[in-house]
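Visitor: Sequence:
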Amino acid sequence: MTAQDLYDALKKTGYPVTYSHFDTPQRPPFITYIMAYTENFFSDNRTAAVVNRWQVELYTGKKDVEAEETVENALREFCWNKTETFIDDEKVFQIIYEISEV
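In my numbering, the protein residues as written are 11 to 112.
Just so you know, these hints were derived from the structure itself, not from any lab.
Note that the structure is predicted; figures quoted are calculated from it, not measured.
Do not take every clue at face value.
[As the list claims (entries may be wrong)] Under the rule of at most 30 Å between Cα atoms (straight-line distance), these lysine-lysine pairs were calculated in the DSSO-like manner:
id	residue 1	residue 2
1	K21	K92
2	K101	K22
3	K72	K101
4	K72	K21
5	K73	K92
6	K72	K92
7	K73	K101
Work out the full structure, taking the sequences as your base and the hints as a guide.
Guide: Okay, here's the thing in C-alpha cells:
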C-alpha cells in the first residue's frame, strides 16, 4: 500500500479528501489522512522493515452511519481499526481509522 493507494481509495467516497488538513473550512462530511507514525521491525541492530501507520479521519456533523459505511467500503482493501469521539468545540464527530501499511 502506498499513500497514493490510500488517497485513491478515499476519493471513491465522494467526500472532500486531503492530506493533513484543508486550507479552507469544510462542511462535514469530509476526510483527512496523515502518516501518523511508524512501528518498525528491527533485527541485528538495524531497521529490518518500516511499517507506516496511517490515520484517516472522517468528520461528520452528526452520527452518520451511512458516511462511516461509505468510508469502510472504500477501505475494504486495507486492515484498519476504528475509534470515535465527539469534538465539542467544533460540534463534529471524529471517526478515526488507523491503517497499517504492510
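Visitor: Please go over all the hints and tell whether each is borne out by the structure.
Guide: For each hint, the structure was consulted:
Restraint check for K21 and K92: the C-alpha separation of about 19 Å stays at or below 30 Å, so the hint holds. As the CA atoms of K101 and K22 are separated by approximately 26 Å, the hinted pair is consistent with the 30 Å bound. A C-alpha spacing of about 8 Å is found between K72 and K101, which places the hinted pair at or below 30 Å, so the restraint holds. This hinted pair checks out: K72 and K21 have alpha carbons roughly 21 Å apart, not beyond 30 Å.
This hinted pair checks out: K73 and K92 have alpha carbons roughly 14 Å apart, not beyond 30 Å. As the CA atoms of K72 and K92 are separated by approximately 17 Å, the hinted pair is consistent with the 30 Å bound. Distance restraint check for K73 and K101: the Cα-Cα separation of roughly 11 Å lies within the 30 Å cut-off, and the hinted pair is therefore satisfied.
Against the hints set out earlier in the document, no violation occurs for any number.
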